[in-house]
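Asks: Quick note, the sequences are listed as chains A and B, same order. For the first sequence, the residue numbers in this note's numbering are 1 to 306. For the second sequence, the residue numbers in this note's numbering are 1001 to 1361.
Treat the hints as calculated values from the structure; they're not laboratory data. All values reported here derive from a predicted model rather than from experimental measurement. Treat the hints with caution; some may be incorrect.
Derived DSS-like pairs (lysine-lysine); straight-line CA-CA distance at most 27 Å [as the list claims (entries may be wrong)]:
| # | chain 1 | residue 1 | chain 2 | residue 2 |
| --- | --- | --- | --- | --- |
| 1 | B | K1187 | B | K1169 |
| 2 | B | K1187 | A | K300 |
| 3 | B | K1322 | B | K1039 |
| 4 | B | K1140 | A | K300 |
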Amino acid sequence: MDTYALLLAATLNAGTVLAIAGLGLLVNERSGVVNLGAEGMMLVAAIAGFATAVHTGNDWLAFGAGALAGGLMAAAFGVLVIWFNTNQYATGLALSLFGSGFSAFVGIGYVQEHLAARPHFSVPVLGDIPFIGPALFRQHPMVYLTIAFVAALTWFLYRSRAGLVLRAVGESPESAHALGYPVRRIRLLAVVCGGALCGVAGAYLSVVYTPLWVEDMVSGKGWIALALTTFATWRPARLLLGAYLFGGVTMMQFHLQGEGVAIPSQLLTMLPYVATIVVLVLISRNPAWIRANMPASLGKPFFPGS
Amino acid sequence: MLRLEARPSPSKAMSLLSPLIALVVTVLAGIALFALLGKDPSRGLAMFFVEPFRSAYSISEICVKATPLMLIGLGLAVCYRANVWNIGAEGQFVLGAIAGTWVALHASPASSHWIVVPILLAGVVGGMAWAAIVAFLRDKASASEILVSLMLVYVAYQLLNYLVYGAWKDPEGYNFPQTITFADPTKIPKLLAGLRVNVGFPIALVAVGVFWLFLFRVFGGFQMQVGGLAAAAARYAGFSSRRALWVALLSSGGMAGLAGALEVAGPVGQLTPYVPAGYGFAAIIVAFVGRLNPVGVLFSSLLMSLFYIGGELAQSRLGLPKSITNVFQGVLLFSLLASDTLIHYRVRWHAAHSAHPSKNA
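Please construct the entire structure, taking both the sequences and the accompanying hints into account.
Replies: So this is what it looks like as structure tokens:
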């Protein structure tokens, strides 16, 4: 019973990393820009956050450092694709390749460092309920903040004027431009927000989830987060659900390894990646449905006056 | 303020100049980085651009590392020209190495040297098969080839681990995760005694010629590129986009697989978890820096190989982390993409307040 409670708790924790990054990319893509640099931004943010946590001992400063690192990288990407009209895929890839090298380069001094396990926050009363308490209500505050953020983002996208403008820019940049909205600046803002959130996810990964720094430790989570935006058809609540689902797959794999199930550990490690492919295939099989939900200008450059 | 103005037609000169501008920017970034780390920049640069040419051994090493980069880069150039975003060449490389190993493990010291041919063919087939999964899922379920090909890299890594930790582990290997050292006849023939450069390098050079012919002299190659440039025009002309997808993925997968087999039966000589050294990702940069042109890929693979040798020298002689190579490679691609803007646009200086105040979008 307790094992399952812990498994559920770990699922929420693992899902939170994916959810934060995925929500960032969702904002990013709602503006019509695809950033394949998620993996690189998360890596650089992971080492930035980890180093900050080592030196200051403060998690929130570490998340801030991660957000700053991710935001700066995203800004470089954004300026290139939005003002210089570089290819979005190639530029995002460059960001991922650079981030992987750069984080390994600056992180080399931190490989041996350890952080103490982070204290978890127990929700009063609810945290003491048997099973449900340890499973759901004794998490890092970030887990709850992420859920609150989903609600806030849903409100922002569908109920606020600014969210409407963001969606308009993603659906039809020409119309938004004609209405007088600064399309390129809005896109840059969305890209930087996306990068900052990927940064928080990277820092959460290295500071709370693992907590240690290893070269290439993000190991595809940035790419899985990118897949999640498609899976969620660009909706925040569905994205959170998808993130927990993938968190569950990851945890199931560790659980089975721990139980000594007679499946080689390498095959179990494949699970989240194979699951991503399976999910992508299932969701993409209906192109009309994807088209109906996808921001219409996704991946297409916008150059006013051309 | 600065403004970009579309050129009436793409500038040919800028297209050739842009990689050089990118290289200059990367070198400047390198100087800044060395200075920041308290190393003498001239000594740092010498590790990358002078020292690698100082001995026959290191020149041979440039060719050894350029071989997989060139082979994979050629395949990716075809892919990207067809607008097929295969970014999982690393996984196709691993599958090529696995398939090549499978044949090599069947060899004995008494086998003929011609066993090398089936090893390389197996590599090609292995890489093609891995890429075929991507093509199939894209074709039948329109799943994003970007994400599927990348996910398959991680699956390939684990498949490799599964084999070297399990069924293929050398029983006398002190429990190291590696296969036996391959029998002598399986070794890719070397070009010169004492140096590691092998026939893989001339094979890659021939491949440059073949890919150039395919892209610029064969109708099928032309059709693929039209599909990449203007999908609607290709449809109107009756060029099959499905065919382009399959040809692009199979050829790039096959090339990556060939590189994997050459690597495992060549410089490495056994299958270990360290056979995939990131060439599949670095080759993405090779393809772009080489202007998606086979001849360009030839030069850019040599340049990128120089970065690897330089990184190793910087590690052993200056005590810098080897990952400095990847930092420079990333900066190179970044600055290349930025300066590529100048191919299609001119930078113009405009007064901040013109008579007709346009909205600043």
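Asks: Name the hints, by number, that the structure is in violation of.
Replies: The structure breaks only hint 2.
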